[in-house]
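> Read off the chains here:
2 protein chains.
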Amino acid sequence: MRACIDIGGTKVAASLNDGKDLQLLARRSEPTAKTGANDALARQVIRLVDDACVAIGISPASVRQAGVSSCGPFVLNQGRIEVAAPNICGGIAGPARGLPNDWMTALLESPLLERFDQVRVENDCVAALAAERRWGALQDVDHCAYVTWSTGIGMGLCVDGRLLRGKNGNAGHAGHMFVSDNDQALCGCGNIGDVEALVAGNAIARRYGSDAATLLGKAASGDAGARQLVDELCRVMGRALYNLTTTLDLQRISLGGSVFSHHRDYLLPRLQAQVEAHFPALTAGCELVAAGLGEQVGDYAALALLD
Amino acid sequence: MRACIDIGGTKVAASLNDGKDLQLLARRSEPTAKTGANDALARQVIRLVDDACVAIGISPASVRQAGVSSCGPFVLNQGRIEVAAPNICGGIAGPARGLPNDWMTALLESPLLERFDQVRVENDCVAALAAERRWGALQDVDHCAYVTWSTGIGMGLCVDGRLLRGKNGNAGHAGHMFVSDNDQALCGCGNIGDVEALVAGNAIARRYGSDAATLLGKAASGDAGARQLVDELCRVMGRALYNLTTTLDLQRISLGGSVFSHHRDYLLPRLQAQVEAHFPALTAGCELVAAGLGEQVGDYAALALLD
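So the protein sequences, as listed, match chains A and B.
Be aware that the first sequence starts at 1069, since it is given in the numbering used here, and climbs by one per residue.
Be aware that the second sequence starts at 1069, since it is given in the numbering used here, and climbs by one per residue.
Hint data in this document are derived by calculation from the structure and do not stem from the laboratory.
Ideal placement from N, C-alpha and C gives every residue a C-beta, glycine not left out.
Just to be clear, a hint being listed does not mean it is correct.
Taking CB as the label site, the calculated pair distances span [as the list claims (entries may be wrong)]:
#, chain 1, residue 1, chain 2, residue 2, range
1, A, Q1364, B, D1279, 33 to 41 Å
2, A, I1260, B, P1337, 17 to 25 Å
3, B, G1166, A, A1352, 21 to 29 Å
4, A, L1181, B, G1293, 55 to 63 Å
5, A, K1079, B, E1363, 48 to 56 Å
6, B, A1164, A, A1352, 20 to 28 Å
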């Protein structure tokens, strides 16, 4: 048995997998630990795994391997990954956010390595990309990306058949790139006018006073005003996807996330048109597709990190 | 002896290297071949290498290995690299450019493999990056980029210790990304308002009626009007460098090229400030430096591709 762990800003989930099929067993989920010392999150993860073991009647000590898909960004401390996410760490978010801790980071890899023999931590979008490459829409595609268009925007990147990690495992934070001069939108990261600030789910609600599903539903059923707003969202998101393609010479981009998934038939051709509108020598061979694992891509992300 | 070949839109150069030091021997250079059949460029390269061999009194047949640094973009034909550059191929550039051929591509790797046993072709900026990693400012840096700010804008990228190539070897065409809404600048690639269209050397001349060296010279000596224009150039170029950093989680970016090199002391802190103004978790550990190989980075690019 191996442990599959999914860490988000809101909740943490742990489950077990027997290494023979894709079943996730004895799934346990709790609100993300944010009080006490800054190893509280890692302790919570270990406790959830141990609880799952007890639930299916195996010895916790028999689980020696863990795949961890976590929100970021990460920092490295003596080579070990810690989480420096502003929705978990009060010391980063500042007093205005009212988090019940003053952590600058949440420890992660180091305490887990005391519990497990083998630990692989990746950014959640890198892990989702690994899942799409193993079981989804990116199988046998050496130059590809997984992009989640959800509450935020995240990306996992693969070039020449290898996942990109970067100096702290933060490659793929390309939702925070700038593609326009719009300076009326503030991102959670502090940027003014980056892609996430302009088109992420929470940005749509803030900018247009309508949740993304409602706005996209209106556009899909022909409302002219809604179509104009969604065209602008697609222009910004399309530019981000084009920028990725021209930077990395990609073959295929798989898209998921709540904003995209609910209206993918409406969005996909509009995004593809944005990409193809530029530099054919680089974009002609780049195809946008919906995530093959659909809404389950997050569930399989941690599992994809295990051999 | 090995062959080092440098292919640009204007000229082609070939030289020899004995594999023991960095000396480039018997350098031959000619205007890039653009007439006849579309293997003319490859034939020219082979002839220049053979001429160089004769000049130093060795048998051309003894040179079995070639490193080729070439302008792009590339396309693959049956797995072999061909050059699809609009400044070489009349079939791409269209009749308005008046090139004396109708090539859709110039053959490259395939004819060279008939002449040499071992051929390694890379985009010129990828090759320059390889040179900076071996002998320049990017030694022992696993997450890095080389950026040339010259007549055009080109980039070579390295993540997790590996050069990025992409589906056709075109990774690093990030000078063609969009970072602003300016729609008053047309790029050679057809894009309106991409980074190259806004800040490359030829764009500066076109937009401001002054060559880049003159404009930067004025800014460096305190001219307020020139400073304002250069600040805008740095904002655009700084955003491109920031986008690269947040996409790839880089440690160091080495800059070269004629626009940058002549006023690097003026430009470097302004570009660094643009990068550091955003998302500290990703940019704090990313340093901008001038190319360690200085103006010679192009000379060593092809050599860096040889073992």
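> Among all the numbered hints in the text so far, which are the ones the structure does not match?
1
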